[in-house]
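Chemist: Okay, here's what each chain looks like letter by letter:
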Amino acid sequence: MGVEQKLGNMGVVTTTLESVVNWGRTNAMWPMLFGLACCAIEMMSAQSSAYDMSRFGMELMRASPRQSDLMIVAGRVSKKMGPVLRRLYDQMPEPKWVLAMGDCASCGGVFNNYAIYQGVDEVVPVDVFVAGCPPRPEALIHGVMTIHEKVKGESFKQYAEKYK
Amino acid sequence: MSQIEEVSLDKFKHLVSERALTGETMLLNMGPQHPSTHGVLRLLLELDGEIIVNCIPDVGYLHTGIEKNMEAKTYQKAEVMTDRLDYMNTIGNNLAYVMAVEKLVDLDVPVRAQGLRVILTELQRIASHLVWLGTSGLDLAAMSMFLYCFREREQILDIFELVSGQRMMTTYFRPGGVWRDVPVEFEKAVRDFIKIFPKRVDEYESLLTKNPLFLDRMLGIGKLSKEVALSYGVTGPTLRASGVDWDLRKVRPYIGYEQYDFNVPVLTEGDTYARYLVRVQELRESMKIVEQALNKLPLGPVRSENRKFVPPPRSEIGVSMESLIHHFKLWTEGFPAPKASIYNAVESPRGELGLLLEGDGGPKPLRVHLRTPSFDNLAVLSQIVKGHLVADLVAILSSIDIVLGDIDR
Amino acid sequence: MDKKLEPIVKAIQDKFGAAYEEFRDEVHLFVNAEQIVDALTLLRDEQNFELLSALTAVDYYPQETPRFHVVYQLTSLAKNLSVQIRVPVNGSSPKVPTATRVYSAANWRERELLDMFGIEFDGHPDPRRILSPEDMEGHPLRKDFPLGYEEPQFTFNFDEIDLRKPYAKE
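Protein chains in written order, with this note's numbering: chain W, -2 to 161; chain V, 964 to 1372; chain S, 1297 to 1466.
Derived from the structure by calculation, the hints contain no laboratory data. All values reported here derive from a predicted model rather than from experimental measurement. Any given hint might turn out to be false.
What the hints assert, rightly or not - For each label pair, taking beta carbons as the anchor points, the in silico distance ranges come out as:
#, chain 1, residue 1, chain 2, residue 2, range
1, V, G1350, S, D1418, 49 to 55 angstroms
2, W, D87, S, I1457, 23 to 29 angstroms
3, S, I1457, W, V9, 50 to 56 angstroms
4, V, L1262, S, N1376, 42 to 48 angstroms
5, V, D1069, W, M142, 50 to 56 angstroms
A virtual CB, placed ideally from N, CA and C, is assigned to each residue, including glycine.
Isolated chain W (complex conformation):
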């Protein structure tokens, strides 16, 4: 921000309210503890010692949708699961983001049939799609970083328009 040098060692910085709020949101983005299929195992790998997602303030997976900000749809969404997934999404408080992890959640993947939604965007709005079957933990972390970039660019004006 460049003002520190001018002010000396006073421990004061100036910035906009928007960037402080977005900074807070990106650094404590709690995902929902919710796995569907194969990708959930890679999501667990991303949480575990080798990849350690807690470096990004995300070690806390919340089992309750009421306490989470990010829904990682990790796996294929069946016709029976779709309504449940939508209800979970509706229970999450605003602001919320959705990450479609893997090919099945993004576009149906190899399961082009009667039982699977061809992309979870038929059920909930998606912010970031991560390709791979299943994506490597690095790919998931990259997807999360992409969401962080998106959040950093959000403004109050957008929110005001969205929830008018």
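Chain W is already provided as a structure; the job is to place chains V and S on it using the hints.
Modeler: Here is chains V and S on its own, set in the frame of chain W:
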């Protein structure tokens, strides 16, 4: 999208006790989204205070239509579906499928390919048991187990990545052999793993096996008798913990398991702790098999030379017209299988993984049925949780080691 | 065929007049729907087939009589043997007596067949769908049920598929 259905008690009247109808006992939904159901499983519990009177599992939240989809693909292309079936045991599923196809069309497999299959299948069994150990530790509040187990699992996944290029969905086994020979680094990677792993199992055991908190949660919980287990079709470690010595690797050896010296751990208690002990001992036994198979691994071809079923190597296509024709025919049309049906079963980490494969004379299967072990193992849950606390249900559920992809298919 | 299996096959053939088929050392016996419970009881109690390994069906559409084969794969742990019993069922209102009283494992497997093939099991204690949603129409694993394939989204059909994804634009 259809809405969530309104559930009335009438639908479950015949499954709950009389007291539920008067409101004396409580009905509680556990799942489909619940941290300790290991996926998307819904359990409808009838509770008297904290004691479970009845448990009605509701599966199908991950129903993928894998069987139908496999019937719409040729024999080679259907194999990718089996990876995604039981996602902890991807290589074992490949094995069950390729063995069924080989049996149906009567195809030979070179000895080196069989040795590689044994090594990778047993490594996959270890990886699967590690995920089970980590997550069931997590369910019983032993958080560090999860971190330790996934550390070793990463090492196994690195070996898979080395041989196939993928961490989980390898599709490395093909009808007639394996995709290609392993790289030179393979042996060192497996030897490194063999060197450290037994010490790591000791480390896990020192954390759990005699831990009084762990014993309190496990001993005498969820007793499954031999008779009930057999009647419900329970197989695998869950059956062996109830005192039945039945391991398909031992009683009906396939891919050369008869050459290796290993024990099948059997315990008679049938409770959650016995199931834990059986699986931990299996980790050590699998390690023994990997070591022997690696020592015995012969040199030679890794794919059958039968060009009616196995595509030629890339190097031949440029120089031989016949190879080009075989390659083209196999990848466009596929190979025909006889109009007959076979059933082939292998021992997966969860039990008997059977495949009923029926050909109709053409290049696509008429029927693929996957006899998945978790399906039957879960069906017995409602019998063994009666009279236990809700907290014990979590321990029991993790001890029978279900994978929802395996159940719902 | 395994030597040990011969007397068992003969016993079933004599008692139920079962047809018999063999392929790559696997034995298939064909039993009528009315006699299946008796045949299973006999195999379990007298011949030690204590494990019902698999219970499934095969659809031979468009052939109508019989359209389905209900397949019982039995395993004997004591004798280390396997045998497959098949019950031919006609296409119009297929019905088989339930095997739940012989093998408890049949309970969920028969629910699966009801769900996937529409084969009803007489006397089943809990005849509900198991894998599909309750409000689903049709039986997915029947051959006349479409796979439900969706075209990949390209420029020429972009709008058509986009219409099905109302939440994608939020």
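Chemist: All hints, please: hold or fail.
Modeler: Status of each hint after checking the structure:
no.	hint	result
1	V/G1350 <-> S/D1418: 49 to 55 angstroms	violated (32 angstroms)
2	W/D87 <-> S/I1457: 23 to 29 angstroms	holds (25 angstroms)
3	S/I1457 <-> W/V9: 50 to 56 angstroms	holds (54 angstroms)
4	V/L1262 <-> S/N1376: 42 to 48 angstroms	violated (34 angstroms)
5	V/D1069 <-> W/M142: 50 to 56 angstroms	holds (52 angstroms)
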